[in-house]
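For the sequence shown, the positions run 310 to 554 when the numbering used here is used.
Any given hint might turn out to be false.
To be verified - Below are the BS3-like pairs computed for lysine-lysine, each with C-alpha atoms no more than 25 Å apart in a straight line:
hint, residue 1, residue 2
1, Lys396, Lys447
2, Lys504, Lys315
3, Lys396, Lys429
4, Lys504, Lys335
5, Lys448, Lys396
6, Lys525, Lys454
7, Lys332, Lys504
8, Lys346, Lys335
9, Lys346, Lys315
10, Lys448, Lys429
11, Lys335, Lys525
12, Lys332, Lys346
13, Lys315, Lys335
14, Lys454, Lys429
15, Lys525, Lys504
16, Lys315, Lys332
17, Lys525, Lys396
18, Lys396, Lys332
19, Lys454, Lys504
20, Lys447, Lys429
Claimed, not checked - Label-pair ranges, simulated between beta-carbon atoms:
hint, residue 1, residue 2, range
21, Ser510, Val440, 28 to 34 Å
22, Asp355, Gly516, 20 to 26 Å
23, Lys448, Gly517, 34 to 40 Å
24, Gly538, Lys447, 24 to 30 Å
25, Gly477, Ala408, 36 to 42 Å
26, Thr374, Phe322, 24 to 30 Å
27, Thr374, Ile313, 17 to 23 Å
These are computed hints drawn from the structure, not numbers from a lab. What you are looking at is a predicted structure, and each value in this text was computed from that prediction instead of being measured. We put the CB at the ideal spot given by N, CA and C, even for glycine.
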Amino acid sequence: MGHIYKEDFLIPFDMVDVNHNIKLPKLLSYCLFVSGKQSHLLGRSDEYVLEQFGLVWIITDYEVTIHRLPQFTETITIETEAISYNKFFCYRVFRVYDAAGELLLDILTYFALMDANTRKVSPVLPEIVDVYGSAFVKKIQRAPKMLPLENAEQTTYHVRYFDIDMNGHVNNSIYLDWMYDVLGYEFLSQHRPAKLQLKYSREVSPGGDISSNVVKDGLTTYHDITSEGQINAQAVIEWLPLEEK
310 MGHIYKEDFL
320 IPFDMVDVNH
330 NIKLPKLLSY
340 CLFVSGKQSH
350 LLGRSDEYVL
360 EQFGLVWIIT
370 DYEVTIHRLP
380 QFTETITIET
390 EAISYNKFFC
400 YRVFRVYDAA
410 GELLLDILTY
420 FALMDANTRK
430 VSPVLPEIVD
440 VYGSAFVKKI
450 QRAPKMLPLE
460 NAEQTTYHVR
470 YFDIDMNGHV
480 NNSIYLDWMY
490 DVLGYEFLSQ
500 HRPAKLQLKY
510 SREVSPGGDI
520 SSNVVKDGLT
530 TYHDITSEGQ
540 INAQAVIEWL
550 PLEEK
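Build the full structure now, drawing on both the sequences and the hints.
The following block contains the structure:
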């Protein structure tokens, strides 16, 4: 068992959609902010890891189950725990609860450490992760493999200045924005996500264009983001009509 950190959060206007539900990319970003607070309190902030070891944290995968999306002005509790790690990956869970203690979202996040100069994955260093109290496990837990899409609908987007984060590459939440956007207003306003599997494969750099590609199969959508002939991210999203909450 790792050390658990939690905090309450009031959902603001700019984080919700037309149905008053929180935007999932915004919530995932805020969850990372919460885990960053825990890291800072434990003396392992992003700045510390970069300055002392020349490493930065990257996310490789998300596995998300959504029972209900929190809404505008609702107070939620975000709980996070770094549960385990192995030679190359660290696993952190986020649990989002409503005011009555009901579980709204369960989020498993796969982290890795990357050399800031070479941009290559680095082995996990015990001196970085020991403070979290998470268990070392020899077995590498891997997310489900996703295949390239065939006969997908394609939409091109230009990478904007504000898509880039402090690491100089497209922020993680923007990939999911691009995936959502190709589904259109009518679909998004009538459905909400129930499950998300999201994999990051390759960074998108500033200044270019990307293609957001989608294949629709009933209430399941299959996505990838590509640029320069390579896959940058992939996702599978299961949806529910809004009336089936």
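Hints and how they fare:
1. Lys396 with Lys447: OK: Lys396 and Lys447 at ~7 Å, within 25 Å.
2. Lys504 with Lys315: 23 Å, holds
3. Lys396 with Lys429: Given that 25 Å is the threshold and the Cα spacing comes to 14 Å, the pair holds.
4. Lys504 with Lys335: 16 Å, holds
5. Lys448 with Lys396: 9 Å, holds
6. Lys525 with Lys454: 18 Å, holds
7. Lys332 with Lys504: Since the Cα atoms of Lys332 and Lys504 sit roughly 14 Å apart, the hinted pair holds (cutoff 25 Å).
8. Lys346 with Lys335: 17 Å, holds
9. Lys346 with Lys315: Holds. Lys346 to Lys315 sits at ~10 Å (cutoff 25 Å).
10. Lys448 with Lys429: 21 Å, holds
11. Lys335 with Lys525: Within the cut-off at roughly 24 Å; holds.
12. Lys332 with Lys346: Within the cut-off at roughly 21 Å; holds.
13. Lys315 with Lys335: OK: Lys315 and Lys335 at ~18 Å, within 25 Å.
14. Lys454 with Lys429: Distance of about 21 Å is within 25 Å: holds.
15. Lys525 with Lys504: 15 Å, holds
16. Lys315 with Lys332: 20 Å, holds
17. Lys525 with Lys396: Violated. Lys525 to Lys396 sits at ~37 Å, over the 25 Å cutoff.
18. Lys396 with Lys332: 34 Å, violated
19. Lys454 with Lys504: 16 Å, holds
20. Lys447 with Lys429: 21 Å, holds
21. Ser510 with Val440: 28 to 34 Å: 29 Å, holds
22. Asp355 with Gly516: 20 to 26 Å: Because 24 Å falls inside the window, the suggested range holds.
23. Lys448 with Gly517: 34 to 40 Å: Since Lys448 and Gly517 have Cβ atoms about 38 Å apart, the given range 34 to 40 Å holds.
24. Gly538 with Lys447: 24 to 30 Å: 36 Å, violated
25. Gly477 with Ala408: 36 to 42 Å: Given about 39 Å between the Cβ atoms, the range holds.
26. Thr374 with Phe322: 24 to 30 Å: The hinted range 24 to 30 Å holds for Thr374 and Phe322, with Cβ atoms some 26 Å apart.
27. Thr374 with Ile313: 17 to 23 Å: 19 Å, holds
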